[in-house]
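So the chains spell out like this:
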Amino acid sequence: MNDFLAILLQTLLLLALSPLISGCIRNWKAKLQNRRGPRIWQPYFDLVKFLRKDMVISEHASWIFRAMPYVLFTSTLLAGLMMPLVNVSAPLSLFGGVLAFVGLLALGRFFLALGGLDPASAFGGMGSSREMTIAAIAEPALMLAIFTVAITAGSTNLSQMLLAAQGPTGRLLNPAHVLAFAALFIVLLAETGRLPVDNPATHLELTMIHEAMLLEYSGRYLALIEWSASVKQLVLMALLVNIFFPIGIATDVGAAALGLGLLWFIAKLLVLAGAVVLVETSNAKLRLFRVPDLLSAAFILAALALLSTFLFQ
Amino acid sequence: MELPAPTLLLQIALCVYGVGTVASLLALRHERIANLVGFGCATLAGLFGIGAGVTALIFGPGDDGGAFALWPPLVPYLQLTVKLDPLSAFFVIIVSFLALAVSVYSFGYVRGFYGRKSVGVLAAFFNTLLLATTLVFTASNAFFFLICWEIMALTAYCLVSFEHEKSETRSAGVIFFIMSHIGTGCLILGFLLLFQAAGGQSPSGYSFDTFRTIGATMSPGRRDAAFLLFLFGFGIKAGIVPLHVWLPEAHPVAPSNVSAFLSGVLIKTGIYGLTRVLFDFMGTPPNWWGVTILTIGTISAVLGVLYALMEHDLKRLLAYHSIENIGIILMGLGAGLMFLHTHHPMLAALALIAGLYHTINHAIFKALLFLGAGAILHSTHTRDMEKMGGLIKRMPKTAFFFLIGAVAISALPPLNGFVSEWLTYQSLLQGFGTTDSLVRLMFPLSGAMLALTGALAAACFVKAFGITFLAQPRSEQAAQAHEASPTMLLGMGLLTAACVFLGLFPTLFLTLLAPLTQQLLGQPLPAYLIQADGWVLGSAKEMGGTVSTLGIALMGICLLPIPLVLWLFFGWRTKVRIGPTWDCGLRGLTPQMEYTATGFSKPIRMIFKALFRPRREVQREYDYSPYFAKTLHFESHIEEAFVTRLYRPLNRTILGLSRRMRALQAGSIQAYLIYIFITLLLLLLFAL
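Which chain is which? The protein sequence lines are A and B, in order. For the first sequence, my numbering begins at 1 and goes up steadily by one. For the second sequence, my numbering begins at 1 and goes up steadily by one.
Hints in this document: simulated from the structure, not taken from any laboratory. By construction, the Cβ of each residue, glycine as well, lies at the ideal position given by its N, Cα and C atoms. Some hints could be false.
Quick list of simulated restraints, FRET-style, between CB atoms [unchecked claim]: (1) ALA610(B) x GLY248(A): 44 to 50 Å; (2) PRO38(A) x PRO614(B): 31 to 37 Å; (3) GLY65(B) x PHE312(A): 28 to 34 Å; (4) PHE45(A) x ASP533(B): 43 to 49 Å; (5) ASP54(A) x TYR627(B): 37 to 43 Å; (6) VAL618(B) x PRO38(A): 28 to 34 Å; (7) CYS584(B) x VAL279(A): 29 to 35 Å.
Straight-line alpha carbon distances no greater than 30 Å define the calculated DSS-like cross-link-like pairs of lysine-lysine that follow [stated by the list, open to error]: (8) LYS166(B) x LYS117(B); (9) LYS31(A) x LYS285(A); (10) LYS602(B) x LYS285(A); (11) LYS609(B) x LYS285(A); (12) LYS575(B) x LYS602(B); (13) LYS31(A) x LYS49(A); (14) LYS630(B) x LYS53(A); (15) LYS387(B) x LYS166(B); (16) LYS387(B) x LYS117(B); (17) LYS117(B) x LYS397(B); (18) LYS387(B) x LYS575(B); (19) LYS387(B) x LYS397(B); (20) LYS49(A) x LYS117(B); (21) LYS575(B) x LYS53(A); (22) LYS29(A) x LYS285(A).
To spell it out: a stretch of chain A is covered by chain B in this simulated footprint if at least three of its residues, at any positions, have a beta carbon under 8 Å from a beta carbon of chain B; those stretches are [claimed, not checked]: (23) 27-33; (24) 105-113; (25) 178-191; (26) 274-284.
Chain A extracted, bound-state conformation (with noise of 0.2 Å):
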């Protein structure tokens, strides 16, 4: 009966604070360039509207243009849940740690791809081949920086992670997390479609990537997949503050505890959110093939942070 309630409670979580974030981070980038930007409730507006839109679907897609708006919403929830948010136990994490989690995420982005090339259209095939690509090159950067914090920490599942982090040794200020952070920050910009690597805010253009695949989609199709596009941000987001600033999560589940996990992760989750818009707001976008520069830099920055655990420990 907890094991249901915990996950009920999580999805709702996942599902009910992603479309802020995104709607913060759109609101204070526009604020930062003297704009008055959207309201940080837009989001949820938008995707109500989504939902009562009728749809226009492409003479040439077949079932998979229908299934993979599914496919990616499931997939993205199953990774969210897998993520230890409020509490220092995620509700599946028996069912999947860190290897799990990123496995899911790549199978919600598989078939993102093939809807993209689904309608016959050269916009989706362009958007599905550089989404590929970068994800394929952000991967070992990722992975590797997560090897390192779960070899120290001796697991891949996710709650042993945090518990490790957690430990009295103040892990806080040990170079190997401080690397990896910076590297797992890079691979978050790339993985969310984040300035410098892609613009989200385009669309029509030649240099879009993630707004290319789902040129066709319209109506509640496309509210689930920008639906599962913040999701996936916010757990990225909360796979970088509860894994290197384990501060404030619950550790039980008694209500005052998980009200104050619960404000403690909105909080850090505000301030990665403030530091997403300043990149944004203080960079240009990359040209594509100067995309790999920058994610074999969070590659090597990950190798240092593997090598300072090497030396260090």
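Please build the complex by placing chain B on the supplied structure of chain A, with the hints as guidance.
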């Protein structure tokens, strides 16, 4: 009810393969009968083989220890002895299951050869190949092993060059033939080293039982030499980089059912050989063996998938992926050897299981993908992906099976590829704590390369599936494609079911492997491998991490109502309209405007430019303005660095040397007599 002994089942399977060979040769003139009898026998024998393997693993090999002789010894050294121990049983399951699925598929597939090629010959060679491969996995002395190995290589050569009227096929066959024999040469030398260490006197010196006791006591120099010879010999068969050049040539040109078997099982004989020799014979290995194999595995995995991405020939793409997956398997085996060196038998068991589980997984999904490619080839008569497209509407079932294979090979949860790569990751991660030397950095770095491989494989299969099956057909043949025949679908369906089963219920299958780790490492399955009554797969440590693919799948189904609720709440009044794809205001999209396979992999080609060194030629003809070309000719070409830098120069050197040698072979009898005379003199001097 008493179960039949596994050895009896194996004997029946071997006999039925033999009958299949003879019968299809007898029915040469009646292709329908040859098809029915030849592949019918192979199907039946496959069933018996599965029975033999599974009963041997569950109930033990029986009273005789699984050993028997096929025939009484004819000459002193040639003993046709066979032994079905757990390692052999595991590989017999692989070969038999693929024999079953591929043979069922072949009933429909070989109809395409009616009136063109001799189906009887194909079926006969196919049965012989299955027979020889099963014997390779079970032979219990080196002499017999090498004989079966050679029969296997020769029949495989005949099958590769089955469509020998194409020059491409002939040259691929020759490369396969030469490489394969260089490998066999190394194996012979390797076994001779072991034989010599065993005293080199009695025929029993060739038996695997003797090697088992002798391998650990050899002098280090000889052991290292034997290791290198076996690595080279088995490595050629397995297709490790840089010995892989034959593989992408030979596998695509064979008939697709044969390709499935070649990529699924035949290259696994190399893995079997390495496991047998390194884990069974050689005792505690020095550290550099494991390091070498892990390095080779990592390089093969990354380069294999990178070259696969550059292909737009569907079958060549799949062949390159075999190199990648062999690399992943070797990562497991290499890590296992390193753990053996540092005396961590539990971790060694985990790594070995990871490698072997990936072996069976790769056999299944690669066969599935090759059969899918065969179905496409059968109906569109092309292997070129740029001419395909839209096939999901014309071949929906094939498309579904291919999609399952693609998800499995991309190591995505919840299918089987994910499970075995998860185990590999776990063993690599646990490896970091086993030693203090700098070598331990290799584990996480290989893990990162495995991550790169997985992500690139996913990119490659988005391309393979997306370009082949989705969007609009790019050619007339693709537009007129038709669904595969029922038996072909059944064959693919069997493999699909196996992918799902091995993905969702890994613990059921892994319990089967307990006798295997017991035999090779003297170690039962790692204690925390199977948790929660088999619902959850764990690692070698108590808190090392867990995964449950079944749980993920069930939970995914439980989450599906959420979109439904959203629809009920907000969108039940919405309508769905079918419209044209947005075309930027042009008058309709044509297939020419779609993204191509070459275009899809262009970013990767640019990023890894230094490795691929693509050569491109663009020719434009202009009329008036340089902005409007009248004709445009584009050619892009990639040649593997190994071929241009290593094999071509080697080839040239050998040819040059032979040309010089020609002076000796002048054709005059007098000169030859003098050579003989000089040789005799030298021999006499040497003898004195």
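Each hint tested on the structure:
1. For ALA610(B) and GLY248(A), the Cβ-Cβ distance of about 47 Å falls inside the hinted range of 44 to 50 Å, so the restraint holds.
2. For the pair PRO38(A) and PRO614(B), the beta carbons lie near 45 Å from each other, so the given range of 31 to 37 Å is not met.
3. Judged by the Cβ atoms, the range 28 to 34 Å given for GLY65(B) and PHE312(A) is violated: they are separated by roughly 53 Å.
4. Against the hinted window of 43 to 49 Å, the Cβ-Cβ separation of PHE45(A) and ASP533(B) comes to about 47 Å, which satisfies the hint.
5. Look at ASP54(A) against TYR627(B): about 42 Å separates their beta carbons, and that is inside 37 to 43 Å.
6. For VAL618(B) and PRO38(A), the hinted distance range of 28 to 34 Å is not satisfied, since their beta carbons lie about 46 Å from each other.
7. Checked against the given bound of 29 to 35 Å, the beta carbons of CYS584(B) and VAL279(A), roughly 33 Å apart, stay inside it.
8. Distance restraint check for LYS166(B) and LYS117(B): the Cα-Cα separation of roughly 13 Å lies within the 30 Å cut-off, and the hinted pair is therefore satisfied.
9. Distance check on the hinted pair: LYS31(A) and LYS285(A) sit about 19 Å apart at the alpha-carbon level, within 30 Å; holds.
10. For the hint pairing LYS602(B) with LYS285(A), the CA-to-CA distance comes to about 20 Å; that is within 30 Å, so the pair holds.
11. Taking the CA atoms of LYS609(B) and LYS285(A), the gap is about 23 Å. The hint holds against a cut of 30 Å.
12. A hinted pair counts as satisfied when its Cα atoms are at most 30 Å apart, and LYS575(B) with LYS602(B) does not qualify at roughly 39 Å.
13. With a C-alpha separation of about 25 Å, the suggested pairing of LYS31(A) with LYS49(A) holds against the 30 Å cut-off.
14. With a CA separation close to 46 Å, the supplied pair LYS630(B) and LYS53(A) exceeds the 30 Å bound.
15. Between LYS387(B) and LYS166(B) the alpha-carbon distance is near 21 Å, which keeps this suggested pair within the 30 Å criterion.
16. Between LYS387(B) and LYS117(B), the direct Cα distance comes to roughly 26 Å. Compliance with the 30 Å bound is thereby established for this hinted pair.
17. Restraint check for LYS117(B) and LYS397(B): satisfied, since their Cα atoms lie roughly 28 Å apart, inside the 30 Å limit.
18. In summary, the hint linking LYS387(B) to LYS575(B) is not supported, as the alpha carbons are separated by about 35 Å, beyond the 30 Å threshold.
19. Restraint check: the Cα-Cα separation between LYS387(B) and LYS397(B) comes to about 20 Å, which is no more than 30 Å; the hinted pair holds.
20. Between LYS49(A) and LYS117(B) the alpha-carbon distance is near 62 Å, which puts this suggested pair outside the 30 Å criterion.
21. Distance hint between LYS575(B) and LYS53(A) is fulfilled; the C-alpha atoms sit about 8 Å from each other, no more than 30 Å.
22. Of the supplied pair hints, the one linking LYS29(A) and LYS285(A) holds, its CA atoms being roughly 15 Å apart against a limit of 30 Å.
23. Counting residues of the segment 27-33 of chain A whose beta carbon lies closer than 8 Å to any beta carbon of chain B gives 0, which falls below the threshold of three, so the coverage claim is violated.
24. With a threshold of 8 Å between beta carbons, the proposed coverage of the segment 105-113 of chain A by chain B holds, since 5 of its residues qualify and at least three are required.
25. Evaluation of the coverage hint for the segment 178-191 of chain A: breached, as 0 residues show C-beta separations to chain B shorter than 8 Å, against a requirement of three.
26. Using a Cβ-Cβ cut-off of 8 Å, 0 residues of the segment 274-284 of chain A lie near chain B, which falls short of the minimum of three, so the contact claim is violated.
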